[in-house]
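Enquirer: Protein chains in written order, with our numbering: chain W, 2 to 279; chain G, 3 to 247.
Read the hints as simulated data drawn from the structure, not as lab findings.
Do not take every clue at face value.
Pairs of lysine-lysine residues, derived as DSS-like cross-links and limited to a Cα-Cα distance of at most 27 Å, are as follows [to be verified]:
#1 G/K161 with W/K13
#2 G/K161 with W/K132
#3 W/K277 with W/K238
#4 W/K177 with W/K127
#5 W/K13 with W/K27
#6 W/K177 with W/K9
#7 W/K9 with G/K161
#8 W/K238 with W/K177
#9 W/K19 with W/K277
Remember, predicted model here, so these are calculated numbers, not experimental data.
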Amino acid sequence: MIRVENLKKYYKSLPALKGVNLNVAKGELFAYLGPNGAGKTTTIRILTGLTRLSSGNAYLNGFHIDKASLQARNQSGLVPQAINLDQELTVWENLDIHGRLFHLPSRKRAASIHHLLEYVGLLDRKNSLVKHLSGGLKRRVMMARALVHSPAILFLDEPTVGLDANIRRRIWALIKQIQQDGTTIFLTTHYIEEAEFLADRVAFLDLGEIVAMDTPQNSMARLGTWALDEVQGGNIKTTYFNTREEAQRCPANQGDSFTVRRVNLEDAFLALTGKKIQ
Amino acid sequence: MIAGWFAVYYRELLILQRRLSRQIASWAVAPLLYLIAFGYAMGGQVQIEGHSYLEFLIPGLVAMNSMTTAFAIASDINIARFYWHIFEEFQAAPISNIAYVTGEVLAGVTRALLSVGIILLLGRLFGVALSYNPLFWLATVLNSFVFASLAVGLAMVVKSHADQAMLSSFVITPMAFLGGTFFPVDRLPLWAQKALLLLPLTHASGAIRQASFGNTPNIFSYLLLAVMGSLFFCIAFYCVNIARD
């Protein structure tokens, strides 16, 4: 559904992407994980037509993003990181303009908007001005808007950034539901738990390069199942074990303090790059 | 090729509808002040080309306001681009750049024509009735087209709100005062007249004034405005491509 071959992007002479290769299958939820500045948003911007690629190729549902850009753009919906709704317009009007931009006939457009507002639980707010909605509701409107034209692929760029934990979980449930309804999802995030909870596969991006790509379970299992964090002279040293008992028995945990916890994707990223994601 | 232009135009119309009362008030303020200060208070005894100064001023204000209002679309595009990031919604949609430019330029022209309607109403209140014939409206539409197209192109090139404000100060404000709006250009030295003929507003105000006085305007002014408008429209189309990077 998404095919990216040796994708490179330079801003003047500064490389933002240094040759990214990836394939995302139909119906897959693919998470793109990396720290700020790794190139996550640049990748999404290129794939959705907001930024031009410097070299390489990328296809959405078989359409080249540059050579068949209008057809490629028709395949995808985008929920960008920043809230980009028309604040002075109503929820319905925002979705209606999106439907018009994607050339939906009026009857189909109205039916799709009605269905999606019901889907995200905002039908009763359809005539509210967007500026009167909370941040969480605006995110839901953006999700609905991106789906008005029934895209095959949904790009979510940090969809829960800035939201509190409760609302974040509601958005996760919505993302899962969208995937179950057959949409391929490409998600960027720097929230570890978001990728762990949602993703079928995860790619770790660092300094414009993919350093590893696998299922979240496999990515973490390479290190073990349990982690022992020890605070030693102001630094945290982490050791990995296959069982909780091993971690707790470890003779090394003589430090100032220690914590035994499950291995997460942050550990996997740290082991690969020597850096933290968050 | 231009499928989707209506979505862009429709969005601008909806926003205009939301702001209409405020917008009408803001369109009325400056012309009203000019009419009171220059037309009523200062120009009461002045006759130009056989017309009262108020009659001379109204077509000039029509030219000036259609220019400034059409050009103001740049500020809205700018805010949509840098502050609300709404421009990304258009970039990610399967519409061509020409559709985007067409929608925004038409929105600029629509606003300009509405603001001209306000001036004509104000003129009526001041007792001025001129001939608002098809040639008058053609010159007004062409003038709006020139500056709306210029606005869309420049809005794609500027990097911030501050740049946008600077462009207005350096391009629009001098043209508003020197382009034959408040005084007849032929009272200036010959070299200045020649220089001012390079400005589209000089041609627009001349054509609008002659048409509203019931005279036959210079056809060259119409041609020049049409050519300049088309040129700026093409440049705007090219600049939308640049904005993608």
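Enquirer: Run every hint past the structure and note whether it holds.
Expert: Quick rundown of the hints versus the structure:
no. : hint               : verdict
1   : G/K161 with W/K13  : holds, 16 Å
2   : G/K161 with W/K132 : holds, 26 Å
3   : W/K277 with W/K238 : holds, 13 Å
4   : W/K177 with W/K127 : holds, 23 Å
5   : W/K13 with W/K27   : violated, 35 Å
6   : W/K177 with W/K9   : violated, 31 Å
7   : W/K9 with G/K161   : holds, 24 Å
8   : W/K238 with W/K177 : violated, 35 Å
9   : W/K19 with W/K277  : holds, 20 Å
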